[in-house]
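Chain B: place on chain A using the hints.
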Amino acid sequence: MKLDLILRITAKLMLPFMLMFAFYVQFHADYGPGGGFQAGIIAAAMVILYGIIFGLPAAQKVVPARLAEFMVPLGVVIFAGVGAIAMLMGGEFLNYSVLLSDSVRGQLIGILLVEIGVLVTVSGTMIAIFYTFAGRGRG
Amino acid sequence: MTLESQLPALQIVLPLFGALLCALLRSGSLAWLVALVVSLAMPVISALLLMQVQDGGFISYELGGWAPPWGIEYRIDVVGAYLVMLVSVIGALIMPYARASVAKEIDADKQAWFYTMYLLCLAGLLGIAITGDAFNIFVFMEISSLSTYVLIALGKDRRALLSAYQYLIMGTIGATFYVIGVGLLYAATGTLNLVELTARIAEIGPTRPVLAALAFLVVGISLKLALFPLHVWLPNAYTYSPSVVSAFLAATATKVAVYLYLRFLFSVFGVTVVFEGLPVPEIMLVLSIAAMFGASIVAVFQDDIKRMLAYSSVGQIGYITLGIGLANKMGLTGGVVHLINHAMMKGALFMAIGAVVYRIGSSKLDDLAGIGRKMPATTIVFALAGLSIIGTPGTVGFVSKWYLALGALDKGWWWLVFLLVASSLISMVYIGRVIEVVWFRPLRHTGPEVRDVPVSMLAPMAILAAATVYFGLDTSLTAGIARRAVDILLAGAP
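Protein chains in written order, with the working numbering: chain A, 1 to 139; chain B, 1 to 494.
Relax, there's no trap hidden among the hints.
Restraint-style ranges between C-beta atoms, simulated for each label pair: (1) S476/B with L112/A: 50 to 58 Å; (2) R159/B with K12/A: 46 to 54 Å; (3) I85/A with T172/B: 32 to 40 Å; (4) T172/B with I109/A: 34 to 42 Å; (5) V139/B with P16/A: 32 to 40 Å; (6) K61/A with G71/B: 40 to 48 Å; (7) L162/B with L49/A: 33 to 41 Å.
Where chain B lies over chain A, by a calculated footprint (3+ residues, C-beta under 8 Å): (8) 62-73; (9) 76-86; (10) 94-101.
Hint data in this document are derived by calculation from the structure and do not stem from the laboratory.
Here a beta-carbon is modelled for each residue, glycine too, at the ideal position from N, C-alpha and C.
The shape of chain A in the complex, shown without the other chains:
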């Protein structure tokens, strides 16, 4: 694959746009289809494409395996952490209305933070699964 110029250049061109699209899907979810799950998959697809074209070691230089494994619980910590903060601020678990003095803005910021948590966990999980499969038989 190293010699295939077209594949390498096209992939390089595509990568930044893939990440951009992931963030678009993430932050545009209030107005259109999308959300943390889809965005996480797209962001992970970027790393996976990079890994397929440039090889597993190159991908693991960008996103080390430990980081991917760290992202899996981290996203859930963000999600549940928002819920716990809501509890500390006197609401029920995951009641975003109490996060800010204005309950509508509170809901908005709450769902935004939670979706970031979803993005982190989903992309981390996808990358970790890819590493596990791609790394099989390599010791």
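Structure of chain B alone, referenced to chain A:
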């Protein structure tokens, strides 16, 4: 909101955060510490919850601030609170025991993951008992099941992987049946809240979609609770999983599934629909009796003690479902009290055999020859809990069977009392076999390492074994709990 009103959420959020912390720490001993602290906090929270609902009330917690029936409601009544109490006490007893056993049986780099999965499983099981939303039950069921698959696969034996896979297939079929049932109910009633469901089903009566939903739910939950003949996943799963997992699952997972049975059959669908219009009691009776005899006879011929106990579990679940099938006051009390009692005695038995595995690395019957002389405390625990399985007077097993027999007599079924006694005789054979081997055969393993286990392992199982005797003599607590739960269930209150 006060801390007190946050308790229902804390009961689940705490183990969830504990699990995350274990996954982030990645160190076995730190993860154990986190799991221990969380597991010890659980009974405290559940005791506080129980105190609030003890005199027949309930707690309603609006998750995310969305009022039911639109939002998810956590709803705890006495029945749920007792189950939460049971699961969290077992969890708290198992954690001190777990450290040494896990260190021996699971690779160092996987121990943190083990505790992560254990806490997730705990959160899922507690969640099923706390939530009042049919779909949320499915979510918690999946959390507990998925983590259970991993826990089983962590077993040392290579066959653990296959057993986990087998359970994954069966468990997924069960969960799918459950969710199809919930989907049909939602289509028929337009709600997922259990209280709303109860009211709507009473209104529309047993129409065809409702009955189809009932059928799907019963089969789905039966798979989870390993009702004969849907039990095939259980023996392998309990045999090859790590000792701690066998003890935890045998004492809690099937009990939570029984709770779902009680919830749906008695509360949501109601006694009149399930037990008067349909042949549910007959089916339950036949399957329960088949489990009591079939599984117990198979248990007699096992040469691995963990496998023997697993088959015995299938048989003992038969007693619980027998109580549900009887569906009268005494019979159901017997079923519910056996749910608590079986958790105690199976927990103690699996912990005892886990202690033997800790010392000699095997649970084969032949390897245990004469070990009673080297590990007296462990074998006494095994013998006490074993006597309870048989149903010796003065142990909890007798209490359950007594109530079941009374329930059968209320219906005038003398033959069922004879069957109860006969099935107890079979359990006497398989427990007696082990007792004979461990005390009366010449010693096989003679090394200096074969001695009683450390106090951290011995104390939890000794507490459980002592409980089987204590609650066999003083039944006011356990049978009192069961009676109160049965009053609520038979009244059909949601």
